[in-house]
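A.B. asks: Starting from the known structure of chain A, fit chain B onto it as the hints suggest.
First to last, the protein sequences are chains A and B. The first sequence runs 0 to 267 under numbering that gives the first Met the number 0. The second sequence runs 0 to 287 under numbering that gives the first Met the number 0.
Simulated from the structure, these hints should not be mistaken for laboratory data. Think of the CB as a built atom: it goes at the ideal place given N, C-alpha and C, for glycine as much as any other residue. Hints are supplied without guarantee of correctness; some may be wrong.
Stated by the list, open to error - If you want the footprint, here are the derived chain A segments under chain B, 3+ residues with CB under 8 Å:
no. : region
1   : 73–82
2   : 140–147
3   : 166–174
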Amino acid sequence: MKRSFPALVLAALVAFAAPAHAKPLSGTVSTDGSTSMEKVIGSLGEAFENEHRKVKFTYNPTGSGAGIAAVKEGRCDIGLASRALKEKEKSSGLKATVLAYDGIALIVNPKNPVKDLSLADIAKIYTGEVANWKEVGGQDSAIVLIGREAGSGTRDGFESVTKTKDACKYRQELTSTGDVITTVSQNPAAIGYASLASVKKSVRALTVDGVAPSEESVKDGSYKVQRPFVLVTVEGKELAPAAKGFFDYITSPAASRIISAAGAVAAH
Amino acid sequence: MNTQRTLEHLIYGLFLLLGLVAVGCVLLITAYLVFSGLPAIREIGLVDFLFGDTWASTASEPRFGILPFILTSIWGTAGAIALGVPVGFFTAVWLAKMASPRVRSIMESAVSLLAGIPSVVYGLVGMLVLVPGIRTFFDVPDGASLLAAILVLAVMILPSIIKVSMTALQAVPQEYEDASLALGATPIETYFRVSVPAAKSGIAASVVLGVGRAIGEAMAVMMVSGNVANMPSLFESVRFLTSAVVSEMSYSSGLQREALFSIALVLFFFILLITASLNFFLKRGKEA
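One chain only, chain A, in its complex shape:
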């Protein structure tokens, strides 16, 4: 399992700072699902394990659909989905609790006069239908599309929100958020996407449909390029004590710092 080092350190610090519970929990907490949630759930699991030494935390990165199926069939305690549950899934007796929101900022060079794009424009730009900035109110120059590598959670999130899966005509596929930001900051014609938490001053985040990306606008849903990280449980079925403890822990305000360190906006 891969986790970023700073997030780990922070997670460990938070865990040690929190007061230990009176009654020690034991057993296993198994989670299964979205690969995009790996960093968030990994940091939370680590912190929880540090706090409750006898609890074993497992995470199976299979994908949102597989995670939902697993919790439904009782193969794991908590399913992880990086999308809202469909009506059909809800009516089949599953309960969704939003853990966090993953906000993705659209970034351009500060020299670019374009300030706002609609979600539809973004999709058209990334599929190559709109190839010049002047078509969306900018200067007459080709749009340079910067994206992430296949398998990246941010790419997966961006492409699913804009419905451009497998259709993006990238000019560059970079392997880290930092590279995307550096590249966009150097090319006045570039547009890229990056996790909201890591956007720096060297680039400008666009407003989408008139809404600026921020922790608030992501949380209240007015900023569109985002998706929820959902904990899926079975309606009316009591969680095992360890899993219950984990569930309560990660949905408590105390966990929000770990969640933001892992790059998402905590919902609680």
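C.D. replies: Coordinates of chain B only, in the frame set by chain A:
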């Protein structure tokens, strides 16, 4: 006497063991690459894998064709050799035969320093200077391209070409050159008609070494080439065999991950070929 012999044996065993560690590592890596690289090739099919022109590893219908990577690696290396070899070769001739000792020692340490610069630094300078430079100079929308990678690689292979060629040129017996000069040839004629032919296997080895360095480089090219699995084209974003492995490894799973190992296996074969030809040139040099 007896204790000394035991000591000898012990030391012999220890050195043998240390030597075997290196050999063991090579064998282990080879075996690991073959075992983890073959399943994906078997599943995708060798022809589809090597000659497929589309790489879409996470699409709903994944495609694993690495022809763009192979061609990019070949073109990128060829370009770097085309630019780097003339520069390196003439620098080596000048340093070995013409430069004054003072200039030579300064230049030699500069070349050694060039060899010691980590590839990520080359990549960073390329990303921050070369890529924007190409964009404004050629007036293209984006500078991250095959050309940028070729330029970076050309600089990166310079030290190995210069140093190995220089050593070969310096090893040419003085008598050859003296004879040529005595027969009335000018110094330049002597260097290019006598010294260079006499050192040709060493110079060829330096080129092969440069090829090896260029084809195996991952970090620097990944930072300047844009990383999209396009067919190679000078001003287009491209992905090399090496960067194909590195860029997707961190989040890959299942067949995608296995296919990355298969790419590494293909790269390994390329390197084997290069090493074999290097040995060939060096052996020929010794016999000549």
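A.B. asks: Determine for every hint whether it applies to the structure shown.
C.D. replies: Each hint, compared with the structure:
1. Only residues whose C-beta sits within less than 8 Å of a C-beta in chain B count toward coverage, and the region 73–82 of chain A has 0 of them, not enough to reach three; the restraint is violated.
2. Counting residues of the region 140–147 of chain A whose beta carbon lies closer than 8 Å to any beta carbon of chain B gives 4, which meets the minimum of three for the stated coverage.
3. Under a criterion of three residues with beta carbons nearer than 8 Å to beta carbons of chain B, the stated coverage of the region 166–174 of chain A is upheld, 6 such residues being counted.
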